[in-house]
Amino acid sequence: MEQSDQLLAPAAFLILFALATGDKHGYAIMQEARKLSDDSFKIGPATLYTTIQRLLDSDRIREVPGPKDGDSRRKYYRLTGAGKSALNAELVRMEAMLRKSKAIRLRLAEFSS
Amino acid sequence: MNIVLLRSLWLYERLLLLYPEDLRRDFGGEMILAFADDLEAAWGDARIAGVMQIWWYALREMLTVALPAQRSNPCVLVPALSFVVVAATQSAELCLAVHQAARVDTSWLFDSIRLVVLLPSLANALIAFVVTRVYARCSITALQLD
Numbered sequence: 042m043e044q045s046d047q048l049l050a051p052a053a054f055l056i057l058f059a060l061a062t063g064d065k066h067g068y069a070i071m072q073e074a075r076k077l078s079d080d081s082f083k084i085g086p087a088t089l090y091t092t093i094q095r096l097l098d099s100d101r102i103r104e105v106p107g108p109k110d111g112d113s114r115r116k117y118y119r120l121t122g123a124g125k126s127a128l129n130a131e132l133v134r135m136e137a138m139l140r141k142s143k144a145i146r147l148r149l150a151e152f153s154s
Numbered sequence: 060m061n062i063v064l065l066r067s068l069w070l071y072e073r074l075l076l077l078y079p080e081d082l083r084r085d086f087g088g089e090m091i092l093a094f095a096d097d098l099e100a101a102w103g104d105a106r107i108a109g110v111m112q113i114w115w116y117a118l119r120e121m122l123t124v125a126l127p128a129q130r131s132n133p134c135v136l137v138p139a140l141s142f143v144v145v146a147a148t149q150s151a152e153l154c155l156a157v158h159q160a161a162r163v164d165t166s167w168l169f170d171s172i173r174l175v176v177l178l179p180s181l182a183n184a185l186i187a188f189v190v191t192r193v194y195a196r197c198s199i200t201a202l203q204l205d
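So the protein lines, in turn, are chains X and H.
Under the working numbering, residue 154 is the last one in the first sequence; the count climbs by one each step, no gaps.
Under the working numbering, residue 205 is the last one in the second sequence; the count climbs by one each step, no gaps.
No wet-lab data here; the hints were simulated from the structure.
Please note: incorrect hints may appear among the correct ones.
What the hints assert, rightly or not - Label pairs and their in silico Cβ distance ranges: (1) P51/X - A160/H: 50 to 60 Å; (2) L132/X - D81/H: 26 to 36 Å; (3) E72/H - A61/X: 26 to 36 Å; (4) A160/H - A50/X: 47 to 57 Å.
To be verified - Partial list, computed: chain X residues near chain H (C-beta under 7 Å): (5) G67; (6) Y68; (7) K83; (8) G85; (9) P86; (10) A87; (11) T88; (12) Y90; (13) T91.
Even for Gly, the Cβ is constructed at its ideal location relative to N, Cα and C.
Isolated chain X, as found in the complex (with noise of 0.2 Å):
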């Protein structure tokens, strides 16, 4: 199985979509996260760095350097092409997912009236 095929856990979805706009730093990431989930999903500094270590690690994302301006204590992260890929097939998969459903719910809605 290729690691774009894998299903991406919550946190890591929304890390890898949170990046998708651009390089951020982690406290970034996990403002750009709650948003995205209309503050339903609330990523913790615990959950978010275990996390990035595993997107890291299987080469989803990298460090990047941050901006001269910017707090030199704060490290910057960027999607790499296998994070890239890995999120495309997550958001085809959802959206193959999202019009079963809503056929599921046409039929239910034939089917009570």
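Please build the complex by placing chain H on the supplied structure of chain X, with the hints as guidance.
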């Protein structure tokens, strides 16, 4: 940063010891920074209620991230098991004593829990920690000598 946030940060830094060593080594500083940012934002939004919510998430992460990650670490597992076993047996003894006592008042009960259950459990966990730690060091030395 006010005293509430500073104390919270101090405590969080200490609690990071519960996380695996490699995570602390690679990301400990960043975790503290992210927690501090989160605390400041929460204080700005909802004061104490915001800080309490951040602590709720942090404690939940201790249970869902830190403890499962430490399952294979004998220096955490053995003292934790020792604490649970001693606390359970001492609690059973205390229950028996309470059941047979003619009169039980609250202060007596709290003192008994502290002295009969918590103190021996903590002492045993501490001894288990020291022994496991020493044993782990000895076995590493033995491996190196071989």
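Going down the list of hints, with the structure as the test:
1. P51/X - A160/H: 50 to 60 Å: Since the Cβ atoms of P51/X and A160/H sit about 51 Å apart, the hinted range of 50 to 60 Å holds.
2. L132/X - D81/H: 26 to 36 Å: Since L132/X and D81/H have Cβ atoms about 31 Å apart, the given range 26 to 36 Å holds.
3. E72/H - A61/X: 26 to 36 Å: Holds - the Cβ-Cβ distance for E72/H and A61/X, about 32 Å, lies within 26 to 36 Å.
4. A160/H - A50/X: 47 to 57 Å: Once the Cβ atoms are compared, 52 Å apart, the range 47 to 57 Å for A50/X and A160/H holds.
5. G67: 5 Å, holds
6. Y68: Interface hint status for Y68/X: holds (4 Å vs cutoff 7 Å).
7. K83: The hint holds - K83/X has a Cβ within 7 Å of chain H, the shortest such distance being about 6 Å.
8. G85: 5 Å, holds
9. P86: 4 Å, holds
10. A87: 4 Å, holds
11. T88: 6 Å, holds
12. Y90: 4 Å, holds
13. T91: OK, holds: T91/X within 7 Å of chain H, min 6 Å.
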